[in-house]
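Participant: Just so you know, the protein sequences line up as chains A and B, in that order.
The first sequence begins at 1 in our numbering and counts up one residue at a time.
The second sequence begins at 947 in our numbering and counts up one residue at a time.
The hints are simulated quantities; they were obtained by calculation from the structure and are not laboratory data.
Among the hints, erroneous ones may be present.
[What the hints assert, rightly or not] The calculated lysine to aspartate or glutamate pairs, modelled on EDC-like cross-linking and capped at a C-alpha distance of 16 Å, are:
hint, chain 1, residue 1, chain 2, residue 2
1, A, Lys-812, B, Glu-1174
2, B, Lys-951, B, Asp-1024
3, B, Lys-1225, B, Asp-1139
4, A, Lys-212, A, Glu-322
5, B, Lys-951, A, Glu-932
6, A, Lys-603, A, Asp-571
7, A, Lys-299, B, Glu-1078
8, B, Lys-955, A, Glu-322
9, B, Lys-986, A, Glu-30
10, B, Lys-986, B, Asp-998
11, B, Lys-1142, B, Glu-1064
12, A, Lys-126, B, Glu-1078
13, B, Lys-986, A, Asp-380
14, A, Lys-807, B, Asp-1024
15, B, Lys-1027, B, Glu-1045
16, B, Lys-991, B, Glu-1045
17, B, Lys-1237, A, Glu-932
18, A, Lys-807, B, Glu-1120
19, A, Lys-444, A, Asp-380
20, B, Lys-986, A, Glu-292
21, A, Lys-13, B, Glu-950
22, A, Lys-306, A, Glu-322
23, A, Lys-812, A, Asp-929
24, B, Lys-951, A, Asp-560
[To be verified] Here are some, though not all, of the chain B residues that point toward chain A, as calculated from beta-carbon distances under 7 Å:
hint, residue
25, Glu-950
26, Thr-952
27, Thr-980
28, Val-984
29, Tyr-987
30, Asp-998
31, Ser-1048
32, Pro-1049
33, Leu-1051
34, Ser-1073
35, Glu-1174
36, Ala-1175
None of these values were measured; they are calculated from a predicted model.
Glycine is no exception: its CB is placed at the ideal position from the N, C-alpha and C atoms.
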Amino acid sequence: MITCNLYFFKLMKQATYYVNGKKHAVVVGEHELLSDVIRNKIGLTGTKEGCSQGSCGACTVLVNNEAVLSCITPALRYDGANITTIEGVATAEGLHRLQEKFVEKGAVQCGFCTPGMVITALDFIKHNPNPSVDEIKMALSGNLCRCTGYKKIIEAVSEYVKESQPNNHNQPVAAIPLPETKQRSVGVGRPYIEAAKKVQGIADYADDYQIKDALHVKFLRSIYPHAKIDQIDTEAASRVEGVRYIATGKELPVTFGVLPISQDETAMAIEKTRYVGEIVAAVAADSEEIAEAACKLIKVKYTPIKEFLTISDSINDIGPNEKIHEYGKFNNNIHKKAELRFGDQQQGLKDADVVSKMSFGFEGINHGFTEPHAASAYWDENGLTIITATQVTHYLQRALAKTMEVPLSRVRVIKPYVGGGFGGKGDPFPHEIIISHIARKTRKPVKVCLTREEVFLTNHGRHPSKMTISLGADNDGFLKVLDADIAIDGGAYGSFGVVTSYYNGVLLQAPYKLDNFGFKTIRVYTNKPQCGAMRGHGAVNSRFAVESLIDDIAHRINMDPVALRMKNFLDSNTLTVGHYRITSNGSRESIQKVAEQSGWEDKHGKLEYGHGLGVGCGFFISGSALPIIWNELPQSTVHLKVDFDGRVLVTSGANDIGQGSDTMLAIIVAEVLGISMDNIFVIGADTLLTPVDLGSYSSRVTFMAGNAAKNAAENLKTEIAEAISKKKEIPANELNFSDDRIFSHDKLVDLSWMEAIDILTANRGAVSVSGKYISPKLGGDFKGSGAGLSPSYSFGACVAEVNVNIKTGHVKLLNVWGAHDCGKALNPLAVEGQLEGSWHMGIGQAMSEEMRYYNGLLVNNNFLDYKIPTSLDTPDIHTNIIETIDPEGPFGAKECGEGALHPVIPAIANAIYDAVGIRITNLPIKSEDVLELIKNKTPTLKGATI
Amino acid sequence: MTAEKTYIKPATVTEALRIANEHSNDFCYVAGGTDILVNKYQGNKECSCLIDITGLAELKTISIAGDQLKIGALVRLDELKKHEVIAIKFPALLIAAQEVASPMLRKTATIGGNILCENRCSFYNQSEWWREAIGYCLKCDGDVCIATGGKKACFSKFVSDTAPVLISAGAMIELQDIDGVKIIPLETIYTGDGVKPRNIPDTAILTNIILPLNHDFNIVFKKLRPREAVDFTSLTTAVSLNEKGDIKIVIGGVDPKPVVVEGTAKGIPEDYIKKALAKSRVVDNDFYSRKYRREMMRLFLEQSFEELLK
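In isolation and in its complexed conformation, chain B is listed as follows (with noise of 0.2 Å):
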């Protein structure tokens, strides 16, 4: 049995910690709600406590301090491309943006949301009669993973379009938890364990992304889905060059976390792909074959290095 369901709407960042500190062992912070209340539906995510922050109008503006550029963590994905600079200096994440679910969802999910958006499994994303029937996987509980037939890990797939993008221009964090503000480089925050993917306290709130702009990136985005609408990422790639010659290889839908591989104009691709490859733990848990994403993801950075380095 759980405890009284209940619902709270703070208005500031402040209250909001408060309330999740009081609720600490039993609540979940909703924003857009778009990933949250499907997983709620399914039984996967129980929480009595639901905190929803979307009434934090701090965490919904976009502002440029000194050089860098402050993306609030609720700014709607279809609200980011009307913010001139993001179209300017950062135009893959406007394109990530957008294939982020379908229309109606972009205008409810926020970018914080996505990139804190839960992983994702054929054999978690299930209702609970569902995951019974199969007997329960490592990520509800279970003691197996049935994706890999019994492997002892989860390899639930990070699913977020828009931190690839992010991460390959440097995007830090802003974490604001009841101790305090803490800046810290996005990527960091992703565990590779598909069972508890991100390592922030569940009382921190996400405030702000924030994006260098005293560099000139070059991103390349690609993904792979069944549709051109509504699907989650089987594949997403983001590779970014910047003024100084780095290089930055961000996968998406692979692995647990984002893989991450780094070098520099100088470098060979074709070794930058091979350790990408090498990082990325595909198993057969989406629409397409491990085969087929593991293809695709050699064909999409070869195309990547192509465009930018032409």
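If we strip away everything but chain A, and leave its shape as in the complex, we get (with noise of 0.2 Å):
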């Protein structure tokens, strides 16, 4: 059955490439990809690979000048052709007119995806020098976004389009146009200070950076979902040439996790193993295709036992077979069980004039970054190394030291650029762990990258849930009590999970007022990829179904929905019944802005049947207010250096993984320095060179870094002031920083910025200064009162706009309209690219997103099968940022890469019902169960009412 072409069957040619213009001989298998050539044997690292099967354009380059998927495309086939990858289109006058297009309009965020969208869009537009909107989302319909929602992208286009007619004697612009003559930062929309360089493909991500003489890993994985090891024979694998190590599990002990209160992993199974994709083995070799090969002739004899793969599986007492895991004292696979109450939900639905009750069913959904796992380790007179896709370096660094059992000083984790993480780059991984180890024993540097089949299996993605929930209102639509009964499939491993499981249940006290509030979250291992964090993280589902279930509960007293929340939001400056402090709170100017853009008066419940209009809102927390693991350091430092050159140097340890946090560090320092964004220079997430940033999850970082930045900022201008003050005789208080001069109110001491930097810095060098953030001390005195405490909340509402087929249950989402509160956008164009981001990726696990399980296995493991939208699927986005200046974010900044996504998919599901009076109890919406539903319409249905 297992066939195996050993390398050194495999012949070689010579071809010749004419690449971006210079000629490459290079040696070439016979069946070898083109972008394998590209990559790897002409190092020009622009074209990205992140499906390898033609199905998300990320690998598109031009072939003598037409496009071509380098991934599915034999290198010979272009032996002596002329190839442009993403590397030659700038030219030495420049970024092409497209690039600076991208660049500006923001459609550059992870950046993984460019290179192939700008080389799709040349060559289209090539071919169609006048498109149509429409025609462009079609062309670009083969290239897989998931940071943009496609809409900055498709507008960067559509402007080049319209600058380059003939007609158009508008000169284009030759730069990014700067902000006017009073230098601001704060609030003027700007790229990403590393746009440039991710548009032409020469921003590295870990996949990117070739290390001399590295070895390449691959691994050997479980095909049990439930299994004992009784062997592993490693002994043929052993003797391939160029195999240069083979790790098993009882190499690696150590258990780890990212909650100190999970550390349930190793890296590799041991005795059993406990989902289907567990890795058993890992070979390093002089090649990947050396490892791989060698990797099937490992033998490993497992004895299957019974495995447990839903919720009611493992909820249940299971008699006399074993545990997922040994943790727990009762004879189930219960993980974790959440619960909290306040007030008394019994005598509240009691008293409730109107309850709605309904059971819903979510399926599990995966990040979809672009960027597959990848990462490369080596060990030197420094320690470990590893430059890895993540998104928390922090506690990367942690488990790494943990597992390899070396002091945290020895490990220096460094985050290169990073294709998208959305949660799913928040763990540390096996992957991480084992090329570590291989390094050490091998002493040879170590790489590895995973296919998008196990960038799947690896998950950590969103946990499949049930949940019944009560929700009770008087007749005048005042909420009154809230009862939530939640269970979620964990998987294999704990990860975030206890998190998550509190999040289902917490984040629902908010953004209503509630008085009768409780909910109960089971989680259960099961013998499937582990769930974790994932965008939005616990309260997507949950706030679903509540969402829903007001809906229902404004048609049932005959309210219109939106005004049914409005009587019951949460006012600013408060507190909810679990203790939240909030303070700044948009969600009235959310929906109402919502509300009237999308002109919801005139079309809620008075359009034809199969045309609707629905509404959700939503809140998420804006950092946790706690650590994951206790103890006494700031959430944030950030250290800043300005030496005699007079340009600042930022270093943090927050994670830019796309979203932008690194302009936004810039950004907070200029404006408080009143110096230009030039004069700035950012390093983020290396644990060498950067203090300490607890990570990019829980939206935490602009609040968090941010303060930190804003801190270290201010100290530093104290630094300057005083020494100004010194050596002027004028007060530190008397002195302006502004338009890059520090002057006296007065005008009479008036420096230039560097003029500024030469007095600081005489007779004492480089100045260093360190700024910080510790969220202050929030919260009730009762057990899981930690669970979602934030200094600040953000809040959200949309409307979704659908037509609903009523023969074929095809819902056809046409528009959104959505609105956050993100207390101040620091960076406009970057917070409405996380808007569009988070509503692209609602409306995916709306609409079709899902990770379907065969007998333990999943079945849809790529970008084919996994369907994440299109820019054909993806309606028009009518994008709102609401400001309200928090008391306590950096200059009034909360967070907006998240939450945002809670409102929009309980808006989709109340458009269907507005249409066609149908109640969407799971997710995602398929075509199948909405038909079924309209034919099956019954007054019960509308509602599900007790």
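Take each chain as given, in its own frame, and dock them per the hints.
Facilitator: If you want it as structure tokens, here you go:
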């Protein structure tokens, strides 16, 4: 059955390629693919590989001036051809105008899809120089983007096209327009500081690092969901020429996990495997191909044991069978029970005039970041260095120190450019630990890049969940009680699951006033890839349920769903029933904005059958107030260094994964110091160079790292002011910092930035300062009170418009109007990008995305079968930023990267109710379910009343 | 162990055929490769000799000979629209071609390749590791069909979108092999066996697709798929009506081969629909359930008849 094309059977040929005008004579394998040749032989790593099967478009290059998907093109087909990669698009004069447009419009976020998008668009425009917007959407429909929701990409291409028309007399602007006269940094929309690098394909992502003499690792993965490992025979594999090391689980016995209370995973399965796809052995070899071939020669003897694949399998007593983990005193596979109650839910339900109670089901979903996990590790006199696609350098440093059994000071984690995370790069991962181990054993650098299938198996995505929720209100529409009974399917390991368990419940206590509120969540282990944190962590599914129930109650008491919500919103500066401190709160402004913009009053309940409008709201934490690992470090520390050259170096452990946090830090520092962005340089997320920041999770970076940067910049400002004060004999508080100058009120002292820096550094040299953020003490004095505590919360609302085909059940999403209270948009262009990306991801979960399993085996483990919406499946998105100026956020800012996702999914479902009168209780919304519900429509379905 | 990997790019059909016959047991022809190379990546298609036929210029033309339209098998899907005669005589073919995969794939994928596209199944189009984990199915040398929970037949879906339109318009194909040229009706190459869905000799090259120009066809094309781009079909229907009142229903995505039902405008559509449903062996090997695809098949056909016979 297993055929094995060992490398020594492979012939090679010499081939010549003229890439970006330069001749490359390379030796190519007979069946080698063009993407491999371009990336690994020619070294032009701007061409990305996201799926290896032509489903994502990231690998697009021009061959003889025509676009080609290089990952499914035999390299020898184009021996002698002219190839243009993304690196060849810009010229000595600068970026191509289309690249400039991508930069200028904020079409570049993580940047991983960008090279393919740019090449695809250029090719398309060449053939169709004056396309309509719909034609542009069509042209880009084979290029997946997970960050932008395509909106800004389509805008960039449209604007480029418009400006390129022969009758366009507006001279193209040569450079990106900069803020006008009075120099401001905060509140001015600007591209990411690294956008030009990304749009040219010269930003290095984890797999782009070519480390000399590196070994390549491939994994052997379990084919059983739950099985004892009786024997691993590596003999034949080890004899393959080019194999340098084979590692098995016993060599890495130390457990790890992102949460201190869930250290339940080892890098490879040791005694038994807990899911299909768990790593059982790792082969390091001279090439990926050799490692892969050798993996196939490893023989593992398993004894399968009873597997548990569903919530109901795992929640019950398991009889004589073996538990997935020993953990827990009961004979079941329950991992965590979380329960909190405030007020009296039973009484509340009795007292309510109207109660809506429904049960909901949600499939698991995956982050779908376009860049697969990849990493390189090596050891030298400084200990371990790992360059890896991570969003939590700090926690990875800890996990590596623990599993490698070395002091923290011997671990350096470097985050390169990262092609999206969305929570999916937020745990320490087995592959990172394994390559570190093999690098130590072999004393060679070791490299790994997961296939897309492996990325799906690694998962850590949103938990499949089931829940029954009761919501009661009085006849005036005031919500009185909420009781939620939730079960979530955690898969084989803990990951962030304890937090997820709480978030499913606690994050229902806002944005509405509720006196009687309670929930119980049970998280179970199952024999499937583990679930963890994903954008909107924990509360997306339960938010969907509650917003559906509210819609139901509104219909039953004949009240407009917008009006009902307006009655119930919490105020600003108040406490929730569970003691969350709400400060700024833009709920009302958000819902009013989307209601007004969508024409809600004229349309809701008034459109023809099949056409409807729905609304949903949401809120989210702006950073967890408590660190994952309890200690007294600040949540964020930022260092600034300024030297004689006037440049301010910002170092921060915050992980920019495409959301723009490096740019955010630069903006804040520039604003405080009144200097231009050109004077600022950011180094992010390198645990040797940068001070600790806990990482990019819980939407904490703008608030926490932003505040730390602001604090640091203020400290530097004080240092500068004091130096000038002393030198010029003027009170420090009379000095102003603006427009690259430092001047007194009367302008008698008026220094350029460089003059000021000369004074600062005289007889002292470079000056370094530090800033920090520590969350205030918050919350109640009860067990579980820490869950969901945040120094600030974001709020938002969405209205969706749908057409439902009543014959096919197909739902066409026409429009999404969204508004999100981000406190203050430090960089409005970036904020819009975050919001649009959030809504797009929510649309995916609503309409098409699910992880489908068959006997514990993930069926749709690729970008063809896992249905991320393409540009053609994405509706028109109307973006609104609501600013409420948070009292504690940096310049009033709070999160915008996750919370926006919450309202969009229920808005879609509620729109379907408005269109055809059916209540969606399962995600994704499948045409066949919609059709069935339409056919079986009965009064009870209009809300499944009790 | 397999033989040495080789890659050969012949310039003529004759040369390609010669090479194929030299590597008779272990080669495959690659045109655009958008299907074959993905299957190769997943280990579904193992062959040591790749014969890249994209250099065969003779297969890239579209021409009219008498009352026949000849479409070279290597004409790429996105090039079809450049030919006015297709737009005039067979607009449904352009629609079908446009609904295949994504714009970028259509720039590489050829019409011949689309017709010969390998059958698909959720349990087959997977990596080798995955198929080992699930227990190999019939289509990869296993004993039973997994999608049906153990049947002894393979129900992998026929997924070409252009073939149903072509068959509905009475397309013939020209096959060239070492022993000469054969012209046969397109629909006769599909076996209905999901394991080996086509009966043409491995060495034969599909050279041309021949469409009759002496008929006037009205063809309604419909496709069901989860997303508006990229996805393979879950159900494709093409229903043709010619000037003589002949009706031909061709359905893809619901059986290992295109399901064909013929009739006339005088017949009762419902009878044809029932016949089509009865002939379709739909199983749960797709994004959509078997039940829903059957339901949509009926709907698509009803709608197609409405559009054709109004």
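Participant: Please go over all the hints and tell whether each is borne out by the structure.
Facilitator: Status of each hint after checking the structure:
1. For the suggested pair A:Lys-812 and B:Glu-1174, the alpha carbons sit about 11 Å apart, so the restraint of at most 16 Å is met.
2. Simply put, B:Lys-951 and B:Asp-1024 have alpha-carbon atoms about 31 Å apart, too far for the 16 Å limit, and the pair is violated.
3. With a C-alpha separation of about 14 Å, the suggested pair B:Lys-1225 and B:Asp-1139 falls inside the 16 Å cut-off, and the hint holds.
4. Pair hint A:Lys-212 plus A:Glu-322 does not hold up; C-alpha atoms about 46 Å apart against a cutoff of 16 Å.
5. Restraint check for B:Lys-951 and A:Glu-932: the C-alpha separation of about 52 Å exceeds 16 Å, so the hint is violated.
6. The straight-line distance between the Cα atoms of A:Lys-603 and A:Asp-571 is roughly 28 Å, outside the 16 Å bound, and the hint therefore fails.
7. The straight-line distance between the Cα atoms of A:Lys-299 and B:Glu-1078 is roughly 13 Å, inside the 16 Å bound, and the hint therefore holds.
8. Taken as a hint, the B:Lys-955 and A:Glu-322 pair is broken in the structure, with Cα atoms around 57 Å apart against an allowance of 16 Å.
9. Between the alpha carbons of B:Lys-986 and A:Glu-30 the distance comes to roughly 14 Å, so the proposed pair stays at or under 16 Å and holds.
10. The straight-line distance between the Cα atoms of B:Lys-986 and B:Asp-998 is roughly 14 Å, inside the 16 Å bound, and the hint therefore holds.
11. Annotation: proposed proximity of B:Lys-1142 to B:Glu-1064 holds, straight-line Cα distance about 9 Å (limit 16 Å).
12. Among the hinted pairs, A:Lys-126 with B:Glu-1078 is inconsistent with the structure: their alpha-carbon atoms are about 45 Å apart, more than 16 Å.
13. Taking the CA atoms of B:Lys-986 and A:Asp-380, the gap is about 40 Å. The hint is violated against a cut of 16 Å.
14. Between A:Lys-807 and B:Asp-1024 the CA atoms are separated by roughly 31 Å; this puts the pair beyond 16 Å, and the hint is violated.
15. At most 16 Å may separate the alpha-carbon atoms for a hinted pair to count; B:Lys-1027 and B:Glu-1045 meet this at roughly 13 Å.
16. With a CA separation close to 25 Å, the supplied pair B:Lys-991 and B:Glu-1045 exceeds the 16 Å bound.
17. With a C-alpha separation of about 11 Å, the suggested pairing of B:Lys-1237 with A:Glu-932 holds against the 16 Å cut-off.
18. For a cut-off of 16 Å, the pair hint linking A:Lys-807 to B:Glu-1120 is broken: about 40 Å separates their Cα positions.
19. For the hint linking A:Lys-444 to A:Asp-380, the alpha-carbon distance of about 9 Å falls within 16 Å, and the restraint holds.
20. With a C-alpha separation of about 15 Å, the suggested pair B:Lys-986 and A:Glu-292 falls inside the 16 Å cut-off, and the hint holds.
21. Proximity of A:Lys-13 to B:Glu-950 is assessed by CA-CA distance (about 13 Å); at most 16 Å being required, the pair is judged to hold.
22. Under the criterion of a C-alpha separation no larger than 16 Å, the hint pairing A:Lys-306 with A:Glu-322 is consistent with the structure, at around 7 Å.
23. For the hint pairing A:Lys-812 with A:Asp-929, the CA-to-CA distance comes to about 15 Å; that is within 16 Å, so the pair holds.
24. Between B:Lys-951 and A:Asp-560 the CA atoms are separated by roughly 68 Å; this puts the pair beyond 16 Å, and the hint is violated.
25. With 7 Å as the threshold, the beta carbon of B:Glu-950 comes within range of chain A, its nearest partner Cβ sitting at about 5 Å, so the hint holds.
26. Evaluation of the B:Thr-952 hint against chain A yields a held restraint, the C-beta minimum of about 5 Å falling below 7 Å.
27. Restraint check, B:Thr-980 versus chain A: the minimum CB separation of about 6 Å is within 7 Å; hint holds.
28. A least Cβ separation of about 4 Å between B:Val-984 and chain A falls short of the 7 Å threshold, and the interface hint therefore holds.
29. A distance limit of 7 Å between C-beta atoms decides the matter here; for B:Tyr-987 the minimum to chain A is near 6 Å, and the interface restraint holds.
30. The beta carbon of B:Asp-998 comes within 5 Å of a beta carbon in chain A, closer than 7 Å, and the hint placing it at the interface holds.
31. With a least beta-carbon distance of about 2 Å to chain A, the hint placing B:Ser-1048 at the interface is held under the 7 Å criterion.
32. A cut of 7 Å between beta carbons decides the hint on B:Pro-1049: the least distance to chain A is about 5 Å, and the hint holds.
33. Taking 7 Å as the C-beta cut-off, the interface hint given for B:Leu-1051 holds, the closest approach to chain A being about 6 Å.
34. For B:Ser-1073, the interface hint holds, since its Cβ comes within 7 Å of a Cβ in chain A; the closest pair sits about 6 Å apart.
35. The beta carbon of B:Glu-1174 comes within 4 Å of a beta carbon in chain A, closer than 7 Å, and the hint placing it at the interface holds.
36. Interface hint at B:Ala-1175: satisfied, since its Cβ lies 3 Å from the closest Cβ of chain A, which is below the 7 Å cut-off.
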